[in-house]
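Asks: Use the sequences and the hints to build the structure in full.
The listed protein sequences derive, respectively, from chains F and A.
First residue of the first sequence? That's 1 in my numbering, and the numbers climb one at a time after it.
First residue of the second sequence? That's 261 in my numbering, and the numbers climb one at a time after it.
Source of the hints: derived by calculation from the structure; they are not laboratory data.
Treat each hint with caution, since some may be false.
One side only, chain F facing chain A, incomplete, derived with CB under 7 Å [claimed, not checked]:
| hint | residue |
| --- | --- |
| 1 | N158 |
| 2 | D161 |
| 3 | L162 |
| 4 | D164 |
| 5 | A165 |
| 6 | H167 |
| 7 | L168 |
| 8 | L169 |
| 9 | P183 |
| 10 | S184 |
For each label pair, taking beta carbons as the anchor points, the in silico distance ranges come out as [unchecked claim]:
| hint | chain 1 | residue 1 | chain 2 | residue 2 | range |
| --- | --- | --- | --- | --- | --- |
| 11 | A | R364 | F | D54 | 52 to 62 Å |
| 12 | A | K471 | F | T173 | 28 to 38 Å |
| 13 | A | G379 | F | R175 | 49 to 59 Å |
| 14 | F | R175 | A | S395 | 22 to 32 Å |
| 15 | A | T441 | F | R175 | 33 to 43 Å |
Just so you know, even glycine gets a beta-carbon here, dropped at the ideal spot from N, CA and C.
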Amino acid sequence: MQAKTWHRCMVTGLGGLLAIPVVATLLYSLSSEWGATLLPDGLTFGWYVQLWHDPRFLTAFGHSLAICLGTLFLSTVVIVPAVFVTFYRFPGLNRLMNVLILMPFAIPPVVSSVGMLQLYADGPLPLIGTPWVLIGCYFTIVLPFIYRALANSLGGMNLRDLMDAAHLLGATTPRAFLSVILPSLKPGLMASLFLSFSFLLGEFVFANMLVGTRYETLQVYLYNVRQTSGHFTSAVVMSYFLFTLALTWLAARLGKIGSQ
Amino acid sequence: MSFVEISRLAKHYGDNRIFHDIDIQVQQGEWVTLLGPSGCGKSTLLRCIAGLTDVDNGHIRVEGEDITHTAPQKRGIGMVFQSYALFPNMTVAQNIAFGLKMQRCAPEEMKDRVADVIGLVELKGKEAHYPHELSGGQRQRVALARALVVEPRILLLDEPLSALDARIRKHLREQLREIQTRLHLTTIFVTHDQEEAMTLSDRIFVMNHGKIVQQGTAEAVYTQPASEFVARFMGSCNLLDAEQSQRLFGRAIDGHLAIRPEAIRLIRPQQDSSDTLPGIVMRHQLLGNVIRYEVESRGSVLWVDRLNRGADELMPSGMQVQLHVKNEDLREVH
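Replies: And the structure:
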């Protein structure tokens, strides 16, 4: 019983400790003034109203959404068939893919962004400052998440027998893939897409170095307005945080439904 | 002309010869079993018949039509896989209707045919269930129904009973045979279980190292094994070498002498008989309705099976006995 109480105290304490910065930021974003006093002078939604009426914020948010959705669309269109072909036709390539998907983690973002700056600043593909370079770059970042989720789903099913059964029942390979395999991949794919979305929405290093203010994203906007007002930037952070929280919860729900 | 004719079929993976010189003829409505140990090439042969694996040489003909290089979709073959391969995202009814949907069957007809086949495999009430909600036996029946609903010319069964427990397996194999007989469906069955093969088959093709080593009815293959391998693989067998054969039965042979344990009679010593061998019971094993004795005779140990008629007739270890084998039950194998 004592051990249980101790365990509960530890978890609550740790949870509380982790929650402090979030609660403090939330409180700061809701306070009208909070200077030399222990508690804020008053509570207000004013900062949120101001934020959500700021055309620059809305544009940056729109840019972030467009880049994230574009990346996820590209990733789905490219990675899903690639994983399927790897597992179905060339299972030996899976080992190579497992090494390949580690590359984005192996190279620090600052290093790879400098490399990309050199590569895409001019020459045949002058993409620096455009959202396209960011979409391409983000594609490599989400590749491990999506590939692993799909590989786990495919590894858990008897892919060859399912495809063979569908073929013998008259389905072509694309039809068998769309009717039988893809629906089974959906829960894993959706969970990985939501997680990737949350991750990309918070990405700053590549967005700032490759595009900056030429196609301002949410994180770059947050960085640029950091000097205006602490309450205002807290409202930005909390808006982003709640949006990401909702997406993560949705991803967890989808993962749970998928496993059932 | 046979309904299915397989001639000189061969398959290699690089230098690895999977099977070669396979010749099989199957009559319409016949149940034929490919029996052999793991890795003998029987499942690959079945996949080649289905068109799921290419062949290197030879021909496969069904009703005179050469289907060696025909796409699996166009062969008119139904198959039940060892893993069942049920589509996890579809209900029982959707799984069964999949083949009809691919054939662009009219919705009303599809509904009727699915209902008919569900009745045939006794799955009424399970139409809306998903595969993960079914037991192993029920999944196996869905897989069978899915293969049957498209009315295939040939039904291929790739060890469909191996993942089930003994009681369900026995029930399902009776059900399988009954459905096959009722539909007069030409069936090729793959198994490594000799009991399953003997129970179900009209004819058995025993395979080893990619070759058919013997074919015939279950009775013929069991009682007249053509080789030492078949004798060992089809049930239990006493195999005596040339020296043992000479010592026990006075027979000079080149290969081995095969004697089924049930072909040896154990006689109590008081019953006089001139054409018997003296023996001593070493130990016994209870195999359910049969008791297997290990009897030592002239320096060789033989298995002898007797019906289990209760403790009164049990022969204890150390008991002196006499063994009698009919001449026709001694079979020379190589």
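Asks: None of the hints should be skipped; say for each whether it holds.
Replies: These are the hints, each one checked on the structure:
1. N158: holds, 5 Å
2. D161: holds, 4 Å
3. L162: Holds: closest Cβ of chain A sits about 5 Å from L162(F), inside 7 Å.
4. D164: holds, 5 Å
5. A165: holds, 4 Å
6. H167: Hint holds; H167(F) Cβ to chain A Cβ min 5 Å, cut 7 Å.
7. L168: With Cβ-Cβ at 5 Å, under 7 Å, it holds.
8. L169: holds, 4 Å
9. P183: This hint holds: P183(F) lies near chain A, its Cβ roughly 4 Å from the closest one there, short of 7 Å.
10. S184: holds, 5 Å
11. R364(A) with D54(F): 52 to 62 Å: About 56 Å separates the Cβ atoms of R364(A) and D54(F), which means 52 to 62 Å holds.
12. K471(A) with T173(F): 28 to 38 Å: With Cβ atoms ~33 Å apart, the hint holds.
13. G379(A) with R175(F): 49 to 59 Å: violated, 28 Å
14. R175(F) with S395(A): 22 to 32 Å: Given a distance of about 30 Å, which is inside 22 to 32 Å, the answer is holds.
15. T441(A) with R175(F): 33 to 43 Å: holds, 34 Å
Of the numbered hints stated above, the single one contradicted by the structure is hint 13.
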